[in-house]
Amino acid sequence: MSEQEMREPTFFVLASLADGRKHGYGIIKDAEELSDGRVRLKVGTLYAALDRLQAEGFVAAAGDEVVSGRLRRYFELTEAGAASLAAESERQAANARHATERLKKRAARVATAPKAATA
Amino acid sequence: MSDLENRYRSALRWYPKEWRAANVDAMVGTLLDVAEDDKRTRPARGELADLRASALASRLGPLGRIPVPVRDRATALAFGLGVGIAITALIATAVQAKTTTPSLLRLEPVVGPFIGYSFLFYGMWILAFVAAIIGRKWAARSLAIASILVAIALRFAADDLLFAAPTTTTIVFVGILALMSFIGNPFATRRGRARIAVSAASWALFMGFTLWYQSVTQGGQAGRTDWFVGPLWLWLYWVVPFALILALVLMRLLHSGWGGAIMILLVPIAPFVVFGWSPRAEDAINRGVALAIAIAIICVAYCIPRIFGLRIRITRS
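Top to bottom, those sequences are chains A and B. Mapping to numbering that gives the first Met the number 0: the first sequence position 101 is 100, numbers consecutive. Mapping to numbering that gives the first Met the number 0: the second sequence position 200 is 199, numbers consecutive.
Keep in mind the hints are simulated off the structure, nothing from the lab. Note that CB positions come from ideal geometry on N, CA and C, so glycine has one too. Take these hints with a grain of salt, some might be off.
Pulled a few chain A residues facing chain B out of the computed Cβ check, cut under 8 angstroms [said to hold, decoys possible]: (1) 6; (2) 10; (3) 43; (4) 47; (5) 50; (6) 96; (7) 98; (8) 102; (9) 104; (10) 105.
Beyond 10 angstroms from chain A on every Cβ pair, some chain B residues (computed) [as the list claims (entries may be wrong)]: (11) 33; (12) 50; (13) 52; (14) 57; (15) 67; (16) 68; (17) 135; (18) 137; (19) 144; (20) 149; (21) 154; (22) 241.
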């Protein structure tokens, strides 16, 4: 079953990993920054998404490190994940392009339409 | 080990053992990193509930691997069905009290316009719907689950089992719908909430129409002027074959996520339709015919193309 929609958190997780491997906390901060503060991933949600993305082959574990006594697991984007992210980015860009074109046409129509008489 | 870490590790015990062995330390590390960034020494509001919900979701196994948009749609359909049943039942019991004539079954309003106290059960679903529409995911889910506890309490307390409380079958069926509100999250987006509203309105219209039709045809034949409200879920039997056709077309030909969502919804509906109790023989016949059609549809969709090597594909230009 092909699925065209990608949820926003998933999109930002993949986008966060596009410029290199990151650990969980790094992904959360990056997703928040990329979404201008709109998306603040909860840790449970993040790991559920990472589990699913790993099962789909879009993300892979990329090593563990211990920092200040805490385990940090790194994740990286796979080629399939990069392709999926590219397809979704293109879809969103096309949507935005179409909407912008329509808005321009609407603005032109409103500008040239005769103004209704006011009572 | 700090108190905060202890609380996180305690919540993470809800995950399956194998998952914990592989991931719990990395997840605790991330949780502590986030807490440190927030300058917290206690879990954030709702954080432990989110961890437990994620843990339960991970225990769902294959269901957890169903794409999120499909699960969201299935939840919207199931939650809407629960609300649709509540709306129909509330209206039907109020109308029934007004239109009934003294007969073998004397139907007197007990509270307001309602017969019996089952309005408490259905009323909680209406509140759950309101919570869902304003985006209160946990309030919506909690009210739906709490309604089942209320229904069970009514069942034990009722002295007139026919109308004072929902039937056991209805409680189990609606309880499954309440649990299905956890498999997806349509509450978070405006589109998801609109889907819940459309689903609820559609189910209510469908069931309202079938009840009205039943009262006109069978009530009239029996010489009664009142509305006969049978088990509402029973009227879903004719939905099954049509829903199956729709789901297969959406899944196999149009590759739409709605096909999977309908299939998920059919999982709890089908057994109730097939095995649900009804006092009337024609229900059994109708259900048998509906079941036969459903099996025939599955054969047409899966067996015949394989036997003859057919492959149908619709592509968008």
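Taking the hints in turn, this is what the structure says about them:
no., hint, in the structure
1, 6, "holds (6 angstroms)"
2, 10, "violated (12 angstroms)"
3, 43, "holds (3 angstroms)"
4, 47, "holds (5 angstroms)"
5, 50, "holds (7 angstroms)"
6, 96, "violated (19 angstroms)"
7, 98, "violated (16 angstroms)"
8, 102, "violated (20 angstroms)"
9, 104, "violated (24 angstroms)"
10, 105, "violated (22 angstroms)"
11, 33, "violated (6 angstroms)"
12, 50, "violated (4 angstroms)"
13, 52, "violated (7 angstroms)"
14, 57, "violated (7 angstroms)"
15, 67, "violated (6 angstroms)"
16, 68, "violated (5 angstroms)"
17, 135, "holds (17 angstroms)"
18, 137, "holds (13 angstroms)"
19, 144, "holds (19 angstroms)"
20, 149, "holds (29 angstroms)"
21, 154, "holds (35 angstroms)"
22, 241, "holds (20 angstroms)"
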